[in-house]
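Trainee: Which chain is which? The protein sequence lines are A and B, in order. This note's numbering applies: residue 1 is where the first sequence begins, and numbers increase by one. This note's numbering applies: residue 1001 is where the second sequence begins, and numbers increase by one.
Everything labelled a hint here was simulated from the structure, so no lab data went into it. Don't take each hint at face value.
What the hints assert, rightly or not - Incomplete in silico selection of chain B near chain A, CB under 8 Å:
hint : residue
1    : ALA1069
2    : ARG1073
3    : GLU1092
4    : PHE1096
5    : PRO1097
6    : TRP1098
7    : ALA1107
8    : ARG1112
9    : GLU1118
10   : HIS1137
11   : GLY1146
12   : GLN1159
Here the structure is a predicted model, which means the values were calculated and not measured. The C-beta atom is built at its ideal place from N, Cα and C for all residues, glycine as well.
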Amino acid sequence: MPAENGLTLSADLRGLDALEIPRVEPDRPLQRVWRAGWPKAAAVAIGLLVWQLVVVSGWKPAYVLPPPTRVLGRLAEQVGTGEFWQAVAITMQRAAFGFALALGLGTTLGLAVSQSRIVRSAVGSLISGVQSMPSIVWFPFAILLFGLSETAILFVIVLGAAPAIANGLIAGIDHIPPILLRAGRVLGARGPDSWRHVVLPAALPGYLAGLKQGWAFAWRSLMAGELLVVIAERPSIGVRLQFARELSDAAGLQAMMIVVLVIGLLVDGLFFGTLERIIRRNRGLVTVR
Amino acid sequence: MTSATPLETDSVIPAPPAIQIRDVTKTYGDGRSRVQALASVDLDISSGEFVCLLGASGCGKSTLLNLVAGLYRVDQGSITTGDRHIGFVFQEPALFPWLTVAGNVEAGMRFRRVPRAERQARVGELLRLVHLDEFAHLRPHELSGGMQQRTSLARALAQDADILLMDEPFGALDAMTRSVLHDELEQIWARTGVTILFVTHDVREAIRLGDRVVLLSSRPGRVIGDSPIELERPRRLDSPEVNALAGEVTALLRQEVRRHAG
């Protein structure tokens, strides 16, 4: 083949490629923060406004439904104390430990179901059944088994979160495009290689959706557990919520509810949300403006 | 159907073919939905040869490719490729979306436990070969269809492929990209000496690329024609010579399709 021919070809290819690859100017960071932030800020402002209006309307007395300023004031006050952070630390420890256990159990279960037809027909639908059970239903049984203890709380967190994680992994594996598995096979991926480099990465979006849902279940179970299973010398967010109710401290109660909401949002949005965005962006699952 | 190439006449014993297909039969399904895809197919492909496999739809050309790749098992007969390494390019690029272009090309070498430094050198070399070295860090979704298919080609070549099996690899591309990729594939073939078995339903594409064009009948697939293409390379898809040959082959194929009108 003459050299001239090769040069033309390479120029043709480079021309075609340059036409295909869009040059996108990256956003400035400030611009990005503003674009993502203002709708959220506006939504919070509208929420607070509606709350204030309901208080002003006099629907409920102020000692039952205090105005947002008072609740936020209480929240600021509490955030300044060591007790508050101790309670948050204990709650988050339970959440992390329970979620880690659920992660191990759910992943093992998911792998077993996705790989074995027998296991699938035996427990496949049972997993969804357990997932749909409200976690609070498990507490009487858990307390009977383990008493008012950390173990009782962990037990219910794991039962709440593990099925969601297992189901996410199963769905992720079931929905892998067969062509990717064939590509893996012709490239020589066998056994553990195939799992590590083809099956698991391909199943990751479904698995992550399961983890996200599992976290939501774990957090709900944990809050229910902390309201029901009060352990002496173990302050927690749930215990503070319960005490606020007993003391008719409406502002304190609502301040703790805000804390529960904010933690849920932070873990879901910041942690899982960011992971999900990275994965979707890497795989081209995001529509470009 | 032994094809005597000049190389073989020089030696006393003819070199064994790179791919030897003997009396291969393949049937799918069972009961009423039984479809015989291939019926006693015989085909020899010499080392370094570029063979295009042509046929109407349902002729089992993709089946034959999958059998050669070892993805399916033959019912009867045998396929021998010796200890040659096989690379496969699918109709879809089938790239791993979680890896970059370089990562995709590297994947097969990881499975073969090629050391890291060697892997990286080879990836660079292959990406230069398919003119994608500038785009090594991009993800598949950021590439055009043609670029994805070139990545897939580089990934197949990274298998140290002696044999490249290609299943309508340019079928989904626009005419312009396609013709550029024909040139590119031809250059890569000339430079690497790889044996190519290329499945297509496009008669002109087969004549543009192949040393030989093998025609398969439909349901069951049988070899009904095997002609060397003696036009000088590089050929052009729209040259009068290619068109004239394409007319003859198309007439044969239509005759074969009419047989099924009943």
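Trainee: Compare the structure with each hint and give your call.
Mentor: For each hint, the structure was consulted:
1. ALA1069: holds (6 Å)
2. ARG1073: At 13 Å from the nearest chain A Cβ, ARG1073 of chain B fails the 8 Å test, so the hint is violated.
3. GLU1092: Since the shortest Cβ distance to chain A is 6 Å, the answer is holds.
4. PHE1096: holds (7 Å)
5. PRO1097: Result: holds, 4 Å to nearest chain A Cβ.
6. TRP1098: holds (5 Å)
7. ALA1107: Cβ of ALA1107 of chain B sits 6 Å from chain A, so the hint holds.
8. ARG1112: Check passed: Cβ of ARG1112 of chain B comes within 6 Å of chain A, closer than 8 Å.
9. GLU1118: violated (16 Å)
10. HIS1137: violated (12 Å)
11. GLY1146: Where the cut-off is 8 Å and the nearest Cβ of chain A is about 7 Å from GLY1146 of chain B, the hint holds.
12. GLN1159: holds (7 Å)
In this structure, the earlier hints numbered 2, 9 and 10 are contradicted, and the remaining ones agree with it.
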